[in-house]
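K.L.:
Top to bottom, those sequences are chains Z and D. Sequential numbering from 1 applies to the first sequence in the working numbering. Sequential numbering from 1 applies to the second sequence in the working numbering.
FYI, nobody ran anything at the bench for these hints, they're computed from the structure. Just so you know, not all the hints are guaranteed correct.
[To be verified] List time: in silico DSBU-like cross-link candidates among lysine-lysine, alpha-carbon distance up to 30 Å:
no., chain 1, residue 1, chain 2, residue 2
1, D, Lys563, D, Lys599
2, Z, Lys110, D, Lys567
3, Z, Lys110, D, Lys563
4, D, Lys399, D, Lys495
5, D, Lys569, Z, Lys110
6, D, Lys321, Z, Lys120
7, D, Lys360, D, Lys499
8, D, Lys495, Z, Lys110
9, D, Lys499, D, Lys592
10, Z, Lys110, D, Lys571
11, D, Lys321, Z, Lys59
12, D, Lys569, Z, Lys100
13, D, Lys541, D, Lys358
14, D, Lys541, Z, Lys110
15, Z, Lys100, D, Lys571
16, Z, Lys100, Z, Lys110
17, Z, Lys59, D, Lys180
18, Z, Lys110, D, Lys592
19, D, Lys195, Z, Lys183
20, Z, Lys100, D, Lys524
21, D, Lys358, Z, Lys110
22, D, Lys321, Z, Lys93
23, D, Lys215, D, Lys195
24, D, Lys563, Z, Lys100
25, D, Lys215, Z, Lys120
26, D, Lys8, D, Lys462
27, Z, Lys100, D, Lys130
28, D, Lys8, Z, Lys59
29, Z, Lys100, D, Lys527
30, Z, Lys183, D, Lys523
31, D, Lys592, D, Lys571
32, D, Lys462, D, Lys523
33, Z, Lys100, D, Lys523
[To be verified] Per label pair, the in silico range of CB-to-CB distance:
no., chain 1, residue 1, chain 2, residue 2, range
34, D, Glu326, Z, Ser138, 31 to 39 Å
35, Z, Ser138, D, Phe127, 38 to 46 Å
36, Z, Leu128, D, Asp404, 42 to 50 Å
37, Z, Asn170, D, Gly463, 26 to 34 Å
38, D, Trp10, Z, Arg176, 17 to 25 Å
39, Z, Arg172, D, Ser521, 23 to 31 Å
Glycine included, each C-beta is placed from N, C-alpha and C at the ideal position.
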Amino acid sequence: MSEQGNILFCGVGGQGILLASEVTAYSLLAAGMEVRKSEVHGMAQRGGSVTAHLRYGDKVYSPLISPGEADIVVAFEMMEAVRYLPYMRSDSKIIVNTHKILPPVIATGKMEYPENVLDKLTSRDIHLQAFDAFEIASRVGEVRAVNIVMVGVLSTYLPIDEQVYVDVMNERIPERFRDVNIKAFQEGRKLAVQTG
Amino acid sequence: MTTKSTDKLWMSGNEALALGAYEAGVKVASGYPGTPSTEIMENLSKYEGVYTEWAPNEKVGLEVALGASFVGVRALATMKHVGMNVAADPLFTSSYTGIRGGLVIINADDPEMHSSQNEQDNRNYAFAAKLPMLEPCDPQEAKEFLKTAYWLSEGYDTPVIVRTTTRIAHVKGQVSPGEKTGSSVTPGIVKDAAKFVMLPANARNRRKFVTERMKKLSEFAETFPENRIEWGDGTRGFITSGISYLYVKEAFPEASVLKLGMVWPLPEKMIRSFAEQVDELFIVEELDPFLELHIKAMGIRCHGKDLIPAEGEFNPAIIRKAITGEDATQFAPVALPPRPPNMCPGCPHRGLFYALSKQKVFVAGDIGCYTLGFLPPLSSMDSCVCMGAGVSAVHGMAKALGDDGMGKAVAVIGDSTFVHSGISGLINIVYNDSYSTVIIVDNRITAMTGQQPNPASGTNIKGEPAQMLNFEELCKAIGVKHVVTVNPHNMSETKKVLKEEINRPEPSVVISRAPCVLIPSEKKRVKIPYNTIRENCTGCKACLGIGCPAIHWVPVTPEEGAKLGFKEKQKGHSEISIELCNGCGQCAELCKFDAITIKEDK
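Just chain Z, same shape as in the assembly:
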């Protein structure tokens, strides 16, 4: 298994990126790795573009991923995937939720959402796996479980048993949300196998 990894989570404040990165971090910890994670709180959380940097391995120093060094980018929103292009390199793996969230300039009709925005990545030969996680979460019965659908897809890229994630979610997610989140996770895994 790969002993070193840099995972960049990006999206829009309020999409549950902190929980997604937290579940992933706990799963890596349970697998015995050193993990460091960096996040931003405060003003940036109010609907702005947000990231969480997660690094794991035998020994990790920097809590930040440097540009050009993300192994995996988990983008919770399509345009945000493209915003963090400088963190990618041609062999990065990109997981993209194609659900659009409109920033104020677009929501108010001043600008348009860029068409075929993911072409900016594919035209640079970057490998992507794109799907509508919002639709899957709705199907599972909880639109807020988008983040855990993303964790499910991400889990297929990491050398950790499915059960480790389930154990972490059993331990970390409040009971009333637990079953729906575990279902969202499993749907994410299934989807990854189908589209990967």
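Please build the complex by placing chain D on the supplied structure of chain Z, with the hints as guidance.
P.N.:
Just chain D now, kept in the frame of chain Z:
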């Protein structure tokens, strides 16, 4: 009592600092919320046996901690970097009085200004106030250094500053819990005027003590195990501290590194000896050339800000590129529509700023979620400097412009910020008599930092009931004769009141009051979302003028428009995302065509 566990915990730097305070036996802790320091006090409030509180501001917080120290218990004050400016007055003189129980100030700097108005480097305070400062590089060190700080504080009769930055405070890593220690000082009243009464005669004596203390601490720094050299190859040597140390280790794993756990005072002999044993010396530090200046003052040749940026935060690539020119970046950024932060759907501030945007006045703003009123489409803030500045500045504008400025400027300040630093400015407006108007945007909570209660909230840090400060009575007691309270969700009424009060030739206060949508009681409240009726929408875009994230514009082609029965001119329609709507009704008030209505529950 001794508790010990070998199980590693997974914590943020702030959580680790709270654990460190608990393990160090802190008895009294006071602070004001401020990113990236807030979670220290929040987490500490959950431990048994330590009193915690949210103070109205950082100066009060530090003075509370100082008082606790004077009676012999271990005390803590927490603040963000700009909060240290507010607390600077007690800070400088507490350096002279020294302590009885250990006193530590945790100061959180914010390189890159993720959530701040400036990126000042507070290591300068340690130098200026003549105080020792420790700087951890990760959560584990944060906890250990805090405990060391108490030991130093009591050993050298000094307050100690522990400095973090955003990438310490909000980084998570593994932390080992440790033994619970405590102070050997016996709590109780001790009168010691020569030490605690800083009149000139006493202060001159204590001034000598401060010089002696810093000399002793400089000697201590030479043998302090957390000032350590990690020898590598001798071609490049790095002197660094805090988060920059981790970036250096990542960028130059083979190099020799002098890691400073204590950034003030500096171990001159150790630095000199290290410098002699490496071919080329680099000082790597975010923000100011603090170490560099003091090392250069020792007469040591080194590289620093000639190569490495003095602005913003670092990562390993920035340091590598600055020193070797290597750049691993493969792709440049592409231009995209920006995505700045925004007020939440249903935020009461939006209604106030919409009403205010119609007044064509200069809005002297302040620090909080409501600073986002600066952004389009509301574009209703014209200045933002520091906590309380708007209230004082609007009076200055009135005095500068005289009658010509009447009705042309207004101050906006949040409830927590008003308590923090706005009250004195309002007293000044009344005492020195200007026609200024102050709007208190009262959402019942300190929202931006994550919904901490304040003296006007009615609860304390633990969520227990507390005396609720009454703004109406307070303003009247100050001498403001015109105090009007409005509900900002009712924008037409708010607009009317604003017009009247802004043009009033006397001091006035408008309290714009409605709760933050993120406070627990509001989150629990069942909200009935609004809905758009497409047939009624004329595409006038009036509802988009408030910039609510729950409403968006749906453009349509002429063919689609014809099918939908739109008039030729209509280029699209508004649509509400029901899952985001909090049912505040602001947009419905703006719609003249009955296209926005309450969604009926079937």
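K.L.:
Enumerate the violated hints, using their earlier numbering and listing them in ascending order.
P.N.:
Going through the list in order, the structure violates hints 19, 25, 27, 34, 35, 36 and respects the others.
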